[in-house]
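In case you want the letters, here they are:
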Amino acid sequence: MKISSIIRNGLVKENPIFVQLIGMCSVLAVSNSFKNSIGMSVAVIAVLTLSNIVISIIRKFTPDKIRIPIFIVVIATFVTMTEMFMKAYMQPLYQALGIFLPLIVVNCLILARAESFASKNGVFKSAIDGLSMGLGYAVAISLLGAIREIIGAGSIWGISLFGESFQPAAIFVAPPGAFILLGILIALYNTFIKKRFAE
Amino acid sequence: MNETIKLGLVLLLVAAIAGGVLAGVNSVTAPVIAERERQESFGALLEIFSEADDFLPIDEALLAEITASNSFVTEVMEAKKDGETIGYAMKTKSGGYGGDIITQIGINIDSTIAGIKVMQQSETPGLGSRIVDEPAFAASFAGKDFTSGLAAVGSPTANNEVMALSGATVSTNGVMAGVNGAIEAFNSFLNN
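So the sequences go chain by chain: G and D.
Just so you know, we're using my numbering here: the first sequence kicks off at 998 and counts up by one.
Just so you know, we're using my numbering here: the second sequence kicks off at -11 and counts up by one.
By construction, these hints were calculated from the structure, which means they are not laboratory data.
Do not take every clue at face value.
As the list claims (entries may be wrong) - The calculated EDC-like cross-link candidates involving lysine to aspartate or glutamate, where the alpha carbons are at most 20 Å apart (straight line), are:
hint : chain 1 : residue 1 : chain 2 : residue 2
1    : G       : K1084     : D       : E28
2    : G       : K1062     : D       : D121
3    : G       : K1032     : D       : D121
4    : G       : K1057     : D       : D121
Said to hold, decoys possible - Computed spacing ranges between beta-carbons, pair by pair:
hint : chain 1 : residue 1 : chain 2 : residue 2 : range
5    : G       : F1159     : D       : T157      : 41 to 49 Å
6    : D       : V9        : G       : K1062     : 33 to 41 Å
7    : D       : D42       : G       : E1161     : 36 to 44 Å
8    : D       : P45       : G       : A1109     : 27 to 35 Å
9    : G       : V1039     : D       : V141      : 37 to 45 Å
10   : G       : G1119     : D       : L0        : 49 to 57 Å
11   : D       : T62       : G       : M1087     : 20 to 28 Å
12   : D       : V20       : G       : S1157     : 56 to 64 Å
13   : G       : P1089     : D       : G142      : 27 to 35 Å
Given the structure is predicted, the values throughout are model-derived calculations rather than measurements.
A virtual CB, placed ideally from N, CA and C, is assigned to each residue, including glycine.
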């Protein structure tokens, strides 16, 4: 597989959120503000890329029967590291992400890439795949976070946009708003972007 | 049989390496986290006792006695102003909906609450997390008289009523448990 198609797969064609619909739990829960979305994106990109690299390195020594526990140990290690670093150096973000940071361990996006890509491909390609899939996730969750914050709270990155008189549609920062908006975004994706990849 | 042992050993090796790496990272980040928590803790103390000029840990034997009989209180500091004790700042740990809630509670020596601040929590974002997101919640404790006990109600008016968050009963109760634990410790050991 060519590098360019790996990148395109991760970002658009096989976008983990809009197309594969995996790893949705954190996407729906954390995207209530743009800032949280970016924070979550950074954590997921870091964990996904690093775990892909390590799993690709050890793929030849990993016995097939116990590959899943080994993948989970590797992923959990990186998640815990990310958690420790965030707690030490990015305390407010650590607070905001709360339980969803450690839950990256069971995010099926990470395990899916380990199983379907990193365990079968070389280190460099796996790194690119992790980065692209992570960016695909980041694009989706950031878009969701930005729109939810603008409509639902009338602000972006915590900065008020429309002044005091603006009455935000609070449902968009609540969980139902995430589902509604995600549905709309997927519909738009299917209408305008998907057909470009139709064979 | 042999294969099972081999697989077990491989997994053991992977887990051991992971553990070693994490221990390394932890040794770097743990002091930073501890220092940050200490600073935040002192900052919270000042937020609660704005008049105090010094905070001193209480006698260790007394603290041991308090923690032995009280399952919530973990830390007690004396708030001093011009050498006089004006109150006690206690750190409590109580169960919430999503894990432990660590609350810093200030108690004035005249049996009123100086203030509270939730230091650490992992409650449901948007629901239970309002114990920190809504400043009015913590603010509703300040100045309240607890001689006859505190009550959490929807819209507090009386001098022994604090705010209960609707939709976050377990989280509210978690904080209340810590506050009542601190009151209990104050009444039994420190109020003289």
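Inset, instruction - Starting from the hint list further up, note which numbers the structure goes against and sort them upward. - result: 2, 4, 5, 6, 8, 10 and 12
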